[in-house]
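Visitor: If you read the sequences in order, they're chains A and B. For the first sequence, the numbering used here begins at 953 and goes up steadily by one. For the second sequence, the numbering used here begins at 953 and goes up steadily by one.
Take these hints with a grain of salt, some might be off.
As the list claims (entries may be wrong) - The calculated lysine-lysine pairs, modelled on DSS-like cross-linking and capped at a C-alpha distance of 27 Å, are:
1) B:1141 with B:1242
2) A:969 with B:1371
3) B:1295 with A:1338
4) B:1511 with B:977
5) A:1449 with A:1422
6) B:977 with B:1141
7) B:1001 with B:1386
8) B:1338 with B:1371
9) B:969 with A:1367
10) B:1295 with A:1549
11) B:1511 with A:1265
12) A:1295 with B:1338
13) B:1505 with B:1367
14) A:1117 with A:977
15) A:1295 with B:1295
16) B:1001 with B:1142
17) A:1338 with A:1265
18) A:1295 with B:977
19) B:969 with A:1371
20) B:1142 with B:969
21) A:1505 with B:1266
22) B:1449 with A:1511
23) A:1266 with B:1511
24) A:1266 with B:1505
25) B:1266 with B:1242
26) A:1337 with B:1295
27) A:1333 with B:1449
28) B:1449 with B:977
29) B:1295 with A:969
30) B:1337 with A:1295
31) A:1142 with A:1422
32) B:1367 with A:969
33) A:1511 with A:1390
34) A:1549 with A:1367
35) A:1449 with B:1337
36) B:1126 with B:1295
37) A:1295 with B:1549
38) B:977 with B:1001
39) B:1367 with A:1511
40) A:1265 with A:1337
What the hints contain is simulated information worked out from the structure, not anything from laboratory work.
Protein chains: 2
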Amino acid sequence: MASEQAPAVEMPVTLSKYTKRVMLKTLLGRSDGGVGLIGKRIVIGGWVKSSCEIRIQTVTPPPPAHVVSPKDVTCSEVLQSRIPLLRSLMKVFGAGEHRAREKLNVIIQKAPQPSVSILQVSDGSCVPSLQVLVDSVLATPCQVMPSGTCVLIEGVLQRPSVQGKHVVEIQAEKILHLGLVDQSYPLSKKRLPLESLRDCSHFRSRTTTVASVTRIHNALTWATHGFFQDQGFLHVQVPIITSTDSEGFSEKFLVTTLLSKGKKNDQISSTENAGVSVEAIWASIKDKSKKVEELSRTDSNKEALVAAQQDLKKTKELVSQLETRQKANSGVTIDTRKFDFSKDFFARQTYLTVSGHLHLESQACALGNVYSFGPRFQAEKSASKKSLAETWMVDVEMAFSELEDAMDCANDFLKFVCKMLVEDCMEDLQFVLKRIDKAVIERLQFTMSSSFERISYAEAIEVLRQVAGKKFQSNVEFGVALTEEHQSYLVDEIYKKPVIIYNHQKGLKPFYVRLNDDGKTAAAFNVVLPKVGTVIRGSQSEERFDVLSSRMKELGLPKQQYQWYLDLRCHGSVKTSGFSLMLESLVLYATGLNDVKDAVPFPRSSGRANN
Amino acid sequence: MASEQAPAVEMPVTLSKYTKRVMLKTLLGRSDGGVGLIGKRIVIGGWVKSSCEIRIQTVTPPPPAHVVSPKDVTCSEVLQSRIPLLRSLMKVFGAGEHRAREKLNVIIQKAPQPSVSILQVSDGSCVPSLQVLVDSVLATPCQVMPSGTCVLIEGVLQRPSVQGKHVVEIQAEKILHLGLVDQSYPLSKKRLPLESLRDCSHFRSRTTTVASVTRIHNALTWATHGFFQDQGFLHVQVPIITSTDSEGFSEKFLVTTLLSKGKKNDQISSTENAGVSVEAIWASIKDKSKKVEELSRTDSNKEALVAAQQDLKKTKELVSQLETRQKANSGVTIDTRKFDFSKDFFARQTYLTVSGHLHLESQACALGNVYSFGPRFQAEKSASKKSLAETWMVDVEMAFSELEDAMDCANDFLKFVCKMLVEDCMEDLQFVLKRIDKAVIERLQFTMSSSFERISYAEAIEVLRQVAGKKFQSNVEFGVALTEEHQSYLVDEIYKKPVIIYNHQKGLKPFYVRLNDDGKTAAAFNVVLPKVGTVIRGSQSEERFDVLSSRMKELGLPKQQYQWYLDLRCHGSVKTSGFSLMLESLVLYATGLNDVKDAVPFPRSSGRANN
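Isolated chain A (complex conformation) (with noise of 0.2 Å):
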């Protein structure tokens, strides 16, 4: 093996372009797994996913690993010593990491012996590991083994020394960075399930399962602009400040500049609590009072009995500080009628937008085809798993069209993105499809090449009437919106393939929705699909000023507010049409995921916003 490689040493290093590295994906990601670049030196980042030690047990300075035979060798697992009450208690008392960091430095200045290191590294780039060896003279096993280490590392790609899954790997030859991981790592276990990784949304994206979830998050994005790009639609700014309200339907977070000025210290006092609720402050007051009660029991360790006691005696006084802090400034009734709110940034009240359909249907009306891809918000404090408070999306709006061509567009947008996943996200769909949803490829490839079934409210309320043997939840009758369950079984058990439900009990719909002949019903759709249910809602929009007044008189909405919109209908007024789609209801649909706090980087729900 050693004169494989003899000749590949003075090949220069190959670097990816504005990063010090070759990215893992181009080199596993090749159709030859990387076996075609043995021999060459390259220089590889990323961090340590898993890691064994090989022990070297002759007492001559330690040989290339590569040329150490399997039996010679032990492999085990590093043992970490993981205390997570020890991170929270550091939380609240401040400057406990650096403390650390200093243990870690004394542990790590021992004397190595010889070893070698084998490590697991990933780059976020794509699903597979790179295995790395690393000489205990470059690094000791205490330094790189750590999951969550980074390394920035120089070697030469070989075979593996050992038989295994891999097809090359790199035989470090320096180190060029090193990050060390502290011992409150919170991914230091493997498999953490996905509800504990939400609590540490800045680390959760080096886990297998979310970097996939982020790489397919990614591509929906692409394809999205990618499709309506390729159909002559121009993407368009809608507003996120907003002084409209777009649905009527959700609760609206309110922006303002009235109760942030110049109150320096205010605001310090009170982020200061972030990220410490008292709740978790009496959840570790619990976990401690039992490690105290069971290290009492066993006497085995008078000091560490004697440290918990005082760590638990401390925590409790702190728990009683935040609580009359808190009682100080709780009682206080707000009489919002006070507020003068000409007096704030924009002179009036301003709210986070919940839909850019008006702002954008105004384009419509002017440039043709447009879409907007962008955050919108409600405050809803719902505990849905389908719900956050901050959602991207994708709005679309068409002039000179009509209800069937929204159809026709959001059913030919659906299939494209499937379509460009299955092509460009193979990998991270396959890994996906092992660890969460084994029907994630064939509900992808089905999307893209069922047709979609299209039937009316009313066909689909009769449709559901007419099924025996089942009792719903909630009652199916005209005028009542269709449940998650009603929507799931018109798609799952009659139908089985997405449907689209057209011609929705106006009551349902926003009021700018197109008023039908019948009186009754509104041009409004939802497309729904197998498992998420409802992806899509689109409409056409009113296009007949005195229908759109009248309308407006009857839900009692404010003229004024709307006048700009309305004024749409008195100047060059257009049948519009679009739709609207939430892009996390897409990533849940491709990757199986249950619940959409798990499907965005940062989520952002009723009680939870910590960064």
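With chain A's structure known, arrange chain B on it following the hints.
Guide: Showing chain B alone in chain A's frame:
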């Protein structure tokens, strides 16, 4: 000519996907300008830009327009009486539009005189308009000629009946849709200045200039995604609502639900006033008084004088009501210390993000090279023409990379987007060159081909200090930020090309920028372009825990708020670098516009969020 068309009338109607018409871009954007399609029957839709009427002098039934010889016609622009004041009044008193429409209908019902309307119709897909001939049998000039009228027309493409700048025109045979225009249409005058157009953001994309700007904006968005996707970057969402202050330099918007719960009446009364500020009404009173004065001086029309006097009186009453209401609301001081943000939606104080940098960095520390593209906010009451309260930023972050890499990437990115614009948007660029800025194309071509000058901040200071015979408005001194004037001088007078200034004095840059070995400067850079100044701000981040931590202490930053960010240095820290770009500044660069309020569809700035 008639014989040329005869066989073609039978050809099928060609429609675009999802819209019931041919987009003008696909017709007029052909290399032959559409001549090859002469004889085809098509459907086109759009809005009338300008028009003239050809009166047919014969009393026999009107022949098709194309056989009318030029000497038989008189061509005159329709005189459209425009009463902007009427519009403001209607806004104030409510249901005005409806009455105006009724009036218009009466006009339309008059018997049409035999004539042909010649319309220039644009659909927003390209710069040129299509010439459309509408016989008065199909629709009267009153109906179709006012600019802003929406038409969907089926007809046959033919050579122009009258020589002009067009190479094709369409003879209408059916009017499939007609969207009339009310007298109050704000864009009825030709060539309104951009400043006045800002007051009708929902209509201004119908002007050729704003439509071109929007298409250039779209091309920049698409090119941005294209560059980063090509280079293997992942698009990652950063949160818009955040509890972390990313910059420390800007005022922030607070996001809350504390002030908007169940106060419906209050909200409505506040929005009722929206768009009608007391100041605006005072201005209209001034105009009205002037009118009354003029009328009483000329004494020609007593009725008009009485009407004007009544109008003035009513408006004065209104303003007095409004002022009384405002007085009742004002004078309330808000004691924010009494607010209990633990009762807010997110159980803490949250803001609109100023920058995606910190969050994006956490993703780079897992996934390698990432970018984010979305809205960012700052609550600065600045009168600068280059800043907005809501902008779209491209944030880029790369792991295993240093200052130099980020500068390379920023350089390549700018060149790429300039190249894409020149390749894909030439028609729009040529239009803005004609209307706004003669240097536009030259500037883009220069940027895409020139090498950027790289100088350190210290060098820049030195170079500027040695400039003889030039007195800068503010002194050039180490430790003080370079002003726009300084930067322009470097770019326009000294280096005569884009300049990258790096290693700024540390106090001028955010806390997370890496400290250089000299202890005085930090590893940051600005890319300065001609005309627009700094478009990119980049830096290498401080990856050393101890240095970062002591820098934060130095600046008095609340540690708790940044704990999650500090965590990244405790667990597998890596060198990262990146940059941010405000997309709107590139729009200014690529269009020659001077004010960023003209570069986005719905600009948000102090006192302006009227839809």
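Visitor: What hints, given by number in increasing order, does this structure fail?
Guide: 4, 13, 17, 18, 20, 22, 27, 28, 29, 31, 33, 35, 36, 39 and 40
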